Amino acid sequence: MIPALRLEGVTFSYGPVPALENLSFSIAPGERVALLGKNGAGKSTVVRLVAGLERPDLGAVWVGDWDTRDCVPEQLAWRVATVFQHADQQLFAPTVRDDVSFGPRALGVGEREVERRNRRALEDLGLTAHAGDHPYDLPPALRKVAALAGALALEPALLVLDEPTIGLDRVLRARVTRALLDRSAASVALLVITHDLTFAAETLERGVVLDRGRLACDEPLAGLLGDATRLEPLGLVPPPVAALSAALDLPGRPVREAEVARELARVARGRPAP
Amino acid sequence: MKSLTLDRASFWYPATASPALRDLSLEVAQGEVVALVGALGAGASTLLLVAADLAPRVTGGRLTGAVTRRDRSGIVLPTPWTQLSGMAFTVWDEVAFGPANLGWPPHEIARQVDRALEQLELVSLASRDPATLSGGELQRVIIAAILAMDPGLVLFDEPAAELDAEGARTLWRLIRLLAREGKAVLLATSALDALADVADRIVWLEDGAVRAVGTPDLLADVALCDAGLGTSVATVWRAGGLPQPYPLTVAHALQRWR
Chain A
8 MIPALRLEGV TFSYGPVPAL ENLSFSIAPG ERVALLGKNG AGKSTVVRLV
58 AGLERPDLGA VWVGDWDTRD CVPEQLAWRV ATVFQHADQQ LFAPTVRDDV
108 SFGPRALGVG EREVERRNRR ALEDLGLTAH AGDHPYDLPP ALRKVAALAG
158 ALALEPALLV LDEPTIGLDR VLRARVTRAL LDRSAASVAL LVITHDLTFA
208 AETLERGVVL DRGRLACDEP LAGLLGDATR LEPLGLVPPP VAALSAALDL
258 PGRPVREAEV ARELARVARG RPAP
Chain B
45 MKSLTLDRAS FWYPATASPA LRDLSLEVAQ GEVVALVGAL GAGASTLLLV
95 AADLAPRVTG GRLTGAVTRR DRSGIVLPTP WTQLSGMAFT VWDEVAFGPA
145 NLGWPPHEIA RQVDRALEQL ELVSLASRDP ATLSGGELQR VIIAAILAMD
195 PGLVLFDEPA AELDAEGART LWRLIRLLAR EGKAVLLATS ALDALADVAD
245 RIVWLEDGAV RAVGTPDLLA DVALCDAGLG TSVATVWRAG GLPQPYPLTV
295 AHALQRWR
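Residue numbers (our numbering), protein chains in the order written: chain A, 8 to 281; chain B, 45 to 302.
Don't read these hints as lab results, they were simulated from the structure.
Keep in mind the model is a prediction, meaning the values are calculated, not measured.
Beta carbons: idealized from backbone N, C-alpha and C, even for Gly.
Some clues are possibly wrong.
[As the list claims (entries may be wrong)] Covered by chain A, according to a simulated footprint, are these stretches of chain B (three or more residues, beta-carbon under 8 Å): (1) 169-179; (2) 197-208; (3) 269-275.
Generate coordinates for the entire structure from the input sequences, incorporating the hints supplied.
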């Protein structure tokens, strides 16, 4: 199977400032990958390369069987949908509905299909009530969700999201998680930059960690997130639920809230009352 | 001494019928860290804009009730990149922009800038062009730029949003330090798990009004957990059906478990 995304020995600098060095990893269709690391590790640069906004100095970025060096960004939009770190800059239409429709319309999708995608994306993210609002009348956190709705409406093979949960409350974060799990189940690959490891634990399955532009670690999140001694040198801290699971030595060391709650209940039932 | 007092404040954004803040009274004292928590749209960001005297002065709209500020305020917005001056080509100059506009003498500007850069661990980036920074680095620059103006009342809206774990730790420590120096700090954050060690008081906002006020233990309260505003540990403890009181942090949970 052709990977949804493949980076092959990618090196990139901003002028004299090196950003990525010999970076290689790939993502299969439907796979949910967290791109982690300290500020300045090169995560957002990966996003810009995958979206075709930058070209690697060395190496190659493949989106499916397309080499991004041969593609312009609007061509890549057939396969990649991106929500950038400062998503405000992606919103420009007078209403949320128009903004979400813009991408599929620009790809030449028919109006009925645009309407279907629009309705689904807004419903999935709880934005239906805001469809007629001007995006800039929304709080910043919701603007990012509106940008995410626009990305979902493109129905891409690969979704690339840079910090999608900033400022979101638990209810909205759960909606984002559900929407992304749905897309992943339909074979959409996810590459998500996040410092929110609680969200990563709930939504994603594999962690690719960058350290000063190099690949420092690439493994399942379930094992990684509860392991403080391995996370610490990577500049990461276990999310509280994973830390709790590890501190109580719960069987299987789960990291997702529902699984930790279930194990807590099970173990507590087997213990004598205090 | 009170740095900020809101007395039955209500605020309407332009062309809206229902208020974003409703009859809200709140005091923030010097040396105190007060954290606003609530669902999205509960009014936390609006309250910070009112406290900063940006609403209605800049946003438009209508404010009723009384707002009393004893100290000059500085606000870190949830969109820090919009706070760049656009007139500076190094981080040092960016951080100096605010103090320079306050008309301070050069040696005082330099003292405050150097101090703020050190506090935010930005010294190594002092000569970088702000346009080349990552999101988290930029967020720290904006925080430094606000602190370099030495505000007595510091207002933070999602200040850790783009910070990595180390940056967030530095920020939360710094916020406690600001309080020890006698500054009043009012912050809004969705990083609820950090608040146990940072906030003196938690203010739960709902639909523009104060629903409850308490110590950080409030974040392990049943009602807050039900509203999705409990800490992760309290929430998972509750979801597991374990008895109250719910632990606030991993350390509390370990004590309860033994």
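These are the hints, each one checked on the structure:
no.: 1; hint: 169-179; in the structure: holds (count 4)
no.: 2; hint: 197-208; in the structure: holds (count 5)
no.: 3; hint: 269-275; in the structure: holds (count 3)
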